[in-house]
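For reference, the chains in residue letters:
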Amino acid sequence: METVPKTEKPQAPGVHPQPLWSVRPASDRQAGDAVVSNFIFHWFPAKALKDSLAWRYSLWLGTVSAALLLLLVLSGLPLLFLHVPSVERAYGSVKDIEYVVTFGYWIRSVHRFAAHFMVAAVFLHLVRVFLTGAYKNGAGRSQHREWNWVMGVAMLLLTLFLSFTGYLLPWDQLAYWAVTVGTNIASAVPLVGPQIRELLLGGRAIDQPTLIRFYVLHVIVLPGGLGVLFAYHMWRIRKDGGLASADHAAALPETAETAPGRTKTYTLLGLARGTGPTIRASSVEAPDTTVNSIPDLTRRIAIVVLGTIAVVSILAVFVHSPLEEAANPLVTPNPAKAPWYFLWLQEIVTDTTIKLGSFTVNGAFVGGVILPGLLVALLVAWPWLDRSPAAAAGRWFPQTRRTQNLVFLLLVLVVLALTFVGTFCRGPYWHLYWPWETWPVLPTRI
Amino acid sequence: MSQKPDKPDARREFLVKIGIGTGLVALGGQAVASLRSLVPNVSYDAPTTVKLGPPQDFPDGMKFLPDQRLFVFREGRVFHAISAVCTHLGCTVRAEALSQVETRAVEGSPLRITHRFLCPCHGSRYTGDGENVAGPAPKPLAWYHLSLAPDDGQLVVDLAQPVARSFRLTVA
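Here the protein sequences line up with chains A and B, keeping their order. To convert, take the position in the first sequence, counting from 1, and add 1; that gives my numbering. To convert, take the position in the second sequence, counting from 1, and add 51; that gives my numbering.
Because the hints were derived from the structure by calculation, they are not lab data. Errors might be hidden in some of the hints.
Result set (BS3-like, lysine-lysine): computed pairs, CA atoms no more than 25 Å apart in a straight line [unchecked claim]:
#: 1; chain 1: A; residue 1: K338; chain 2: B; residue 2: K190
#: 2; chain 1: B; residue 1: K190; chain 2: A; residue 2: K356
#: 3; chain 1: B; residue 1: K114; chain 2: B; residue 2: K102
#: 4; chain 1: A; residue 1: K96; chain 2: A; residue 2: K338
#: 5; chain 1: B; residue 1: K68; chain 2: B; residue 2: K58
#: 6; chain 1: B; residue 1: K114; chain 2: B; residue 2: K190
Chain A extracted, bound-state conformation (with noise of 0.2 Å):
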């Protein structure tokens, strides 16, 4: 405990001396005081466990991922004032940000590199999650870390699509026949398709109002949706008490053996449930699991979302973002390849189209309907599928979950051969190439 100066006036017990608080607390009572005095230190609790903070258990690749989003959000706010969203000069505006803006190259790589990084890392972060069984609740009260899984799930979701909506805005080849098979794609749907292929478009060909609805989608609507995920996804974190992996350090002692008092409830004090005035209080407070959040979760926050945003500054400045020819809707380019990130998807629709007899189903209806459904629907499913112990929770690969570990690694490599295979093995007509073998060459108009 530190001792209040003695030139400070005498204090009534609980009032601070100061309203000052440090990012590098002397003691512990100035930790706690930067938590109740700044905004955005209010976020965090006043004591971390030291497992939830491991670098080796959670790699930080939610922080990471969060980081990223902040710099999409940062970088986005000036390409907002550079874009000009309309058919005839979208595609001009881009080139003037790339090629006439003073750092405009800079920003937009910025964002580029952010935008695929955050689906990388959201990804890891998921398989990270499943891995260590983190979606289940060990032995805390009320946590429901399952639901924080499905808010994951939606937010990989959502990720996609802000990067799908991001990659049309340009408005460029790219743009224009990935709408036409996304939204092909759409209309795969049973009875619903073709309006809901209308609905994306606005009218039935891809046109002025197609692109100002995925720009609307892009720069409000799915941003606002990730925010507000985001923040619950984090509230509930707070909820859970931490990460999955501190649960064993945070649980509680045996209860005392014999429980006096069993006529006066102390459950209005807010301190113990049931009769017994016994608190079982968490090593939350325990010294030898805990440390004040500033500066050790602080300083670990720091140097991650600093970290991330380095790397990504850097590297914008020596690797431009890619421009493509001018939407042309009378040419389709060959081949025509979605972003790296949607390969496996072009490869699974590529493949799936099934013919039973004189009946043949779409692969656009099996590959791009059917199977990713299922694959969100089972994600969404698992934690009320994993039987596994509490135990389990929070372990890196755990006897009791390996098979299922196993699986799930299974379908990631296939999710990533796949993936493989579109960005470095096809070629013009979709024909399958090794990746150091040249293309043949193909006149470019028919």
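Place chain B on chain A using the hints.
Then chain B, alone, in the frame of chain A:
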């Protein structure tokens, strides 16, 4: 109030329910109106019936019309038109001239097969009559109705009217 203590409570609860219900109806109405406004009532799409030019301007063999995404075939005085829209996911297929031209009966009518069609997006392949033979395409390329405009005699395609593969337009 002391005589009928339950009455004001019941009335109050009823009013609260009315209030909440009205609020929900108002919100639902706003939501429906907002979503419905996004469903277009007027289509500004290109017309489906298009004049393609005088028939004599078309070369013997195949001509690709990118604006209509259409292949128009001419064999002397006989015309037919095949869509260039892939039936899988709507990319524009490309025509590749065959080294050997063959004539074969398609749905009862002889047809000179001069090309095959390949899709750059997912690798679907079609024969010269539009039949899907490889890749994910679930059905053949559409054939469209051709006619002559009554006013100026131009070739007219109706992109909303698919026809059988035995369809031919013979120009006098």
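Now the hints, each set against the structure:
1. A:K338 with B:K190: This hinted pair holds, its Cα atoms lying about 23 Å apart.
2. B:K190 with A:K356: Since the Cα atoms of K190 of chain B and K356 of chain A sit roughly 10 Å apart, the hinted pair holds (cutoff 25 Å).
3. B:K114 with B:K102: holds, 15 Å
4. A:K96 with A:K338: Measuring from Cα to Cα gives roughly 21 Å; hence the hint holds.
5. B:K68 with B:K58: Status holds; Cα separation ~15 Å.
6. B:K114 with B:K190: Answer holds: K114 of chain B to K190 of chain B is near 23 Å, not above 25 Å.
Consistency with the previously given hints is maintained throughout, with no hint failing.
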